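**Student:** Starting from the given sequences, assemble the full structure and let the hints guide the process.
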Amino acid sequence: MNWEQLLSLKRFGDTNKRLRKEEDETRLGFEVDYDRVIFSSEFRSLQDKTQVIPLSNTDFVHTRLTHSLEVSVVGRSLGRKVGQKILEKHPHLQNIHGYLPNDFGAIVASAALAHDIGNPPFGHSGEKAIGEFFISGEGQHYKEQLTDKEYQDLCDFEGNANGFKIATQSRAGREGGLRLTYATLGAFTKYPKESLPKKPTKHIADKKYGFFQTEKEAFKDVAEELGLVKRGSEDDFSFSRHPLAFLVEAADDICYTIIDFEDGINLGLIQEEYALEYLINLVRHSINTEKYHKLTNTKDRVSYLRALAINTLINEAVSIFMDNEELILNGEFSIGLLDKSKYEAQINDIIKLSIDKVYQSKDVVDKEIAGYQILNTLLQTYSKAVNNNYTGKVSNYDKLILKGLPSTSDFKTDRLYVRLLNVCHFVSLMSDSQAIIEYKKIKGFSL
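Its first residue numbered 1251, the sequence shown is counted upward by one per residue in this note's numbering.
Keep in mind the hints are simulated off the structure, nothing from the lab. Remember, predicted model here, so these are calculated numbers, not experimental data. Treat the hints with care, as some may be off.
Capping the alpha-carbon separation at 25 Å, the derived lysine-lysine pairs in PhoX-like fashion look like this [stated by the list, open to error]:
(1) K1452 - K1470
(2) K1448 - K1393
(3) K1393 - K1643
(4) K1449 - K1378
(5) K1470 - K1267
(6) K1466 - K1448
Label-pair restraints from in silico Cβ distances [claimed, not checked]:
(7) D1660 - K1592: 42 to 52 Å
(8) R1268 - K1466: 18 to 28 Å
(9) K1602 - R1534: 14 to 24 Å
(10) L1545 - S1291: 39 to 49 Å
(11) Q1334 - R1268: 16 to 26 Å
Glycine residues also receive a C-beta, built at the ideal position from the N, C-alpha and C atoms.
**Tutor:** Okay, here's the thing in structure tokens:
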């Protein structure tokens, strides 16, 4: 892979390439990507989607929206720092093509801003709930009518693939989806493969999948434009990551490791003495002891240590990226950046404590249980109405349900897979609160 192709300013849906030297410096294409994501309705719904603590009534716990904004800020710093070093190493990118360090920051910031845009309600349990509807719920009877890859898409419903669908899916008046640059789409796709074969190797790019069968051709177009390295066998449609996808992943890893931990402390789920010990182990080389001891409350002490920890891990990720740039460009770097960090033990200690005290807390588990029931009911009701309508067996109740479905999605197509995927996509776009409202309506609990 080469940086000239990887930094493509061409927009999805365009036929012509765009040159960096011809860009308006006040309205750079990569920065336009950021604007298009942040003004999208799909991004706005993240303000009411679970990050860790579902449906929290407190004002300091992160939602998917605040998490995405923070990941974007960290991603911007990672991109700019890497960009500066890349241009020092490959000066022709600046001298001949006109790229600047901030270009790298804008690409990573935009991709990071969108990284959770496809996640359904109720956090990662929402993905699992959709999958289990098809694995063990009423959706399993569709298996024989679908190809293996189509069925796997539904059984392993993936927020990353759903996000790629949002970014690229055309509809009337919105050809090319959000019409992001190819560089941003590449950096967004952490798992550039289809759902099968499932985890064919231990390579980080094989951990999940990044696009549904409906977007396979769209991703092929992105991969060819960017010059991504083909991986796997002839039948294995997978590619190496865009190098900047490693930075998007690192930004996400840094934020959920440190900031989810901070949420747990502020909620009282993690005791302060444990928290401070774990964070100090990560930042003891940079802590200003005098300043730290002047802080009089838990929130300020944790906030100070959190800022130091994020800065430490940003610099560490940049160093690892540059040390391995050649391997990354050749598609031969097979782990996440922080998996190679000298702070791996400290990071793992923090994550383990978060799992024990936060992710598996009673409040989280109870609301995830409710989320399963809510999503199962919505999928059952909508898929039945859509398919009864297709076969001409629609009931009066089905007709009422169909009135609530968006006209922008094709629920009448001959392809069962597309009908089912569009139902899942519709449900995935709901906020936590909207899903609850729709559930109560279907159950007759409210009007």
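**Student:** Within 16 to 26 Å or not, the Cβ separation of Q1334 and R1268?
**Tutor:** 23 Å, holds
**Student:** Quick one, are K1470 and K1267 close enough, alpha carbons at most 25 Å?
**Tutor:** With Cα atoms ~17 Å apart, K1470 and K1267 stay inside 25 Å; holds.
**Student:** Would you mind confirming whether the straight-line C-alpha gap from K1449 to K1378 stays at or under 25 Å?
**Tutor:** 17 Å, holds
**Student:** Straight-line Cα separation of K1452 and K1470 no greater than 25 Å?
**Tutor:** 23 Å, holds
**Student:** Could you say whether the range 39 to 49 Å given as a hint is met by the Cβ separation of L1545 and S1291?
**Tutor:** 41 Å, holds
**Student:** R1268 and K1466, beta-carbon distance inside 18 to 28 Å?
**Tutor:** Since R1268 and K1466 have Cβ atoms about 25 Å apart, the given range 18 to 28 Å holds.
**Student:** Has the given pair, K1466 with K1448, been kept, meaning a C-alpha gap of at most 25 Å?
**Tutor:** 16 Å, holds
**Student:** Quickly compare the C-alpha distance for K1448 and K1393 to 25 Å and report which way the hint goes.
**Tutor:** Status holds; Cα separation ~17 Å.
**Student:** Can the suggested window of 14 to 24 Å be confirmed for the beta-carbon pair K1602 and R1534?
**Tutor:** The hinted range 14 to 24 Å holds for K1602 and R1534, with Cβ atoms some 19 Å apart.
**Student:** CA of K1393 to CA of K1643, is that 25 Å or under?
**Tutor:** 21 Å, holds
**Student:** If you check the beta carbons of D1660 and K1592, does the distance land in 42 to 52 Å?
**Tutor:** 51 Å, holds
Of the numbered hints given earlier, the model fails none.
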